[in-house]
Amino acid sequence: MTRQIVIDPVTRIEGHAKITIHLDDDGRVQNAEFHVTQFRGFEKFCEGRPFSEMPSLMARICGICPVSHLIASAKACDELLAVQIPRTGQYLRRLMNLAQMVQSHALSFFHLASPDLLLGMDSDPGKRNIFGVLEAHPELARDGIQLRKFGQQIIEWLGGKRIHPAWVVPGGVSAPLTAERRDQILATVPEALEIAKRTIKWYKGVYEKFQSEIATFANFPSLFMGLTTERGRLALYDGKLRFMDEAGNIIADRLEPSQYSEYIEEAVEPYSYLKFPYYKPMGYPDGCYRVGPLARLNICTNCGTPIADAELTEFRQIQEGAVLSSFHYHYARLIEIIFCLERMEIYLTHPDILSKHVRAFAGPNSLEGVGVTEAPRGTLIHHYRIDENGLMKWANLIIATGHNNAAMNRGVTQVAKHYIKGATIPEGMLNRVEAVIRTYDPCLSCSTHAVGQMPLHVQLVAPDGTLVAEARRDDPDGVGGRIR
Amino acid sequence: MTPMVLVVGYGNPLRQDDGAGWQVAQRVEALPPSGTDVRVIVCHQLTPELAEPLSASRRAVFIDAGIEGAPGSVESRSIVPASGTPQFGAHRFGPSELLATAQALFGASPAAYLITVNGRDFGYGSELSEPVKDSLDAAAALVVELTHAAEK
Chain A
1 MTRQIVIDPV TRIEGHAKIT IHLDDDGRVQ NAEFHVTQFR GFEKFCEGRP FSEMPSLMAR
61 ICGICPVSHL IASAKACDEL LAVQIPRTGQ YLRRLMNLAQ MVQSHALSFF HLASPDLLLG
121 MDSDPGKRNI FGVLEAHPEL ARDGIQLRKF GQQIIEWLGG KRIHPAWVVP GGVSAPLTAE
181 RRDQILATVP EALEIAKRTI KWYKGVYEKF QSEIATFANF PSLFMGLTTE RGRLALYDGK
241 LRFMDEAGNI IADRLEPSQY SEYIEEAVEP YSYLKFPYYK PMGYPDGCYR VGPLARLNIC
301 TNCGTPIADA ELTEFRQIQE GAVLSSFHYH YARLIEIIFC LERMEIYLTH PDILSKHVRA
361 FAGPNSLEGV GVTEAPRGTL IHHYRIDENG LMKWANLIIA TGHNNAAMNR GVTQVAKHYI
421 KGATIPEGML NRVEAVIRTY DPCLSCSTHA VGQMPLHVQL VAPDGTLVAE ARRDDPDGVG
481 GRIR
Chain B
1 MTPMVLVVGY GNPLRQDDGA GWQVAQRVEA LPPSGTDVRV IVCHQLTPEL AEPLSASRRA
61 VFIDAGIEGA PGSVESRSIV PASGTPQFGA HRFGPSELLA TAQALFGASP AAYLITVNGR
121 DFGYGSELSE PVKDSLDAAA ALVVELTHAA EK
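Protein chains in written order, with this note's numbering: chain A, 1 to 484; chain B, 1 to 152.
It is possible that some hints are incorrect.
[What the hints assert, rightly or not] One-sided and incomplete, this derived list gives chain A residues near chain B with beta-carbon spacing under 7 Å:
no. : residue
1   : L57
2   : R60
3   : P138
4   : I145
5   : K417
6   : K421
[Unchecked claim] Computed list of lysine to any residue pairs in SDA-like fashion (alpha-carbon distance at most 20 Å, straight line):
no. : chain 1 : residue 1 : chain 2 : residue 2
7   : A       : K127      : B       : D121
8   : A       : K127      : B       : K133
9   : B       : K133      : B       : H148
Don't read these hints as lab results, they were simulated from the structure. Only a predicted model underlies this, so the values are computations on that prediction, with no experimental measurement involved. Backbone N, C-alpha and C define an ideal beta-carbon position, used for all residues, glycine too.
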C-alpha cells in the first residue's frame, strides 16, 4: 500500500535527490540510500579548452561557492605555470576566500538551518523558513542578512562582482588592493565580528534542546579529513592533508595535497551520480570520512586566533576525541565565521597587503597540476592535465559534498532507523531526514557539477522490492513545496 | 546621503532576453546626472540582502524580463509589500517579498514599481532579441520618468 504524505514547505537544500529506505522482513529499517540524481559533466566538456579558461569555467559550477572553485582551479593552474605566486597575491586570494566562507556559512546557518533551530523541527512547516525567523526573532534575521551582505560586499569590492568574479587568475590576482578599499573593508569587520559573537552566544543557548537530533543526526564513528597548516592549525586556503579517527587520533598527517590519489579513492554506487570517496588504506566503505567545518575543527590543533580558539576550547568539551554528531556542523560553522573575521583583520593590516606585485606571469611549464583548497563545505580538489599547447586533456574534480556522501547516507539511515517504526513514513522523520542532510550544507550541483533542483523523493521498499510507501516533494526550485 | 531612488535590474544576462533588466538598468546608470540621487544595482536574482538599501530609499524601481506579453512590450505597475508569510526561496523571492522584508526588518519600505520587459528568446547567450533591443530606450525612459516622479 502506498501512503501519501504532504509537507508544505520543506527543503532548503541545494540540488536534486531521492532517498530509498529498505526494510527487513520484520519491517525494520535495514539501510537508506541517498540518491543524487543529477549529472552535468564539467570534467568532460572542459577537454580541449585552453587551461587559462579553467578558473572562469569552473567557477560556473556553483553560484554559492564560485570563489572556492575559482581558487582551487587557479591553484591547479599555478602548478601548470610552475610559478610561485607573489605573497600579496596569495594574501588577497585568502582574503576573498575568507569573505566567501563568511557569506556561505551565513547563508547556511541563518537562511537554511536557523528556522529549524529557532522554531523547532516539528513547527508549522508554513512558518519554518526565513520569514518565520523574521517574525519570531527579527534581530537574528537581520544579523543573518547583514553577515551575508558583509561577505558578498567584500567579494564584490575585491573581484568586481559578487557572483563569478574573475579577479583570481592563474599566477595570482588580476589587480592589487587600494588603500581606500582596504580601509573600507577593515571598517566593516568589527560589526561583523559582533554579529558572529552574538549569534554563537544565541546558538549555545538553544542547541542543547536538540538532544534527540544530536544523538541521531549522523552521530557515528568516522574519519575526518581536511587541510591544516604545517603546525596543524586550521587552514582554509592552503596546507597539508590530515586524517583523524573518531577517537581523535591523527592517523595520517602532512600529506601532500597534490598526491591525493595515493590516499583517496572514489567508489561508485549504482544508485547515485555522486561518487563515494574514501580513505584508501582502509578501503570502502570502512574508509568513510567527513569533511567541512566539523571535520576541520576536529582535525586542527588550534585555530590560531584568540576568539576562535576560546570557542574551540569550549566546543571540544562536547565530547572526548572527535566531535561525532553532524548536528554540530552548525556550531563549527559559527566558530569558523569568527576565525575568518579575525584572519581578515590580520591580512588587511599586513604591511605588504597593498603591494602592486600580485601576479606571476608564465606560459605552461608543467603538463599536470593539482589545486586543493578548503571550500565552505570541505576540501575541494581540482586536478588537470594539459597537452604541450596548454589545452585541457583531462580533469578530475573531487568536491566537498562528495567527500561527505557516505556519511550523508549513514546519517539518513540512522535517522530512518530511529524514527520509522513500521511501514509508514512519519512526517517528523521527513523533516529530520532533510535536517540531517542540511547539517552538511550539501551543494549537490557542485558535487555532480550539475544544475540544481531538489525535490526530495523518499521511497520505503520491502525486502522483495515492493514499494511500501513513498513521499515526494513537487518543488522545482528546491525551496518549498509538497510531499505527497 | 540617503539615495532617493533605488533602481534594481535583475535576471540572467547569459540567457538572452532574461538580461533585459540589466541592460535597462545600465542605460539608466549611464545617463547624465539629472538632479535625482539614483543608485543602480544589477543582480542575477533578488536576495534578502537588498532589504537594507531598499529601506533607505524613497522610491524603488525594479526591472525584470517577462514572458507573458508581446516580445518587446514594456509594462509598468506599482507594487506593495507582500502580505502574510511569503514563501522564501532563491527563485521565488520577488520584489513584493523584498519590500515586506525591508518593512519587517528595517522598518521602512519605499513606494515601488516593477517594469517588465517582455522577451522572446531565452536561450544561451548574451544577445538580446531584436524586439527587446528595440524596447530598451523606452524602458529606460520609463524608469527615468519614475525616478523624476520621486522628486515631486
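Hints and how they fare:
1. L57: For A/L57, the interface hint is violated, since the closest Cβ of chain B sits about 13 Å away, which is over 7 Å.
2. R60: Hint on A/R60: violated, closest Cβ of chain B at ~9 Å, above 7 Å.
3. P138: Constraint on A/P138 satisfied, holds at 6 Å.
4. I145: 5 Å, holds
5. K417: Violated. Min distance 31 Å.
6. K421: 32 Å, violated
7. A/K127 / B/D121: With Cα atoms ~37 Å apart, A/K127 and B/D121 exceed 20 Å; violated.
8. A/K127 / B/K133: 42 Å, violated
9. B/K133 / B/H148: Violated, because 24 Å separates the two Cα atoms, which is more than 20 Å.
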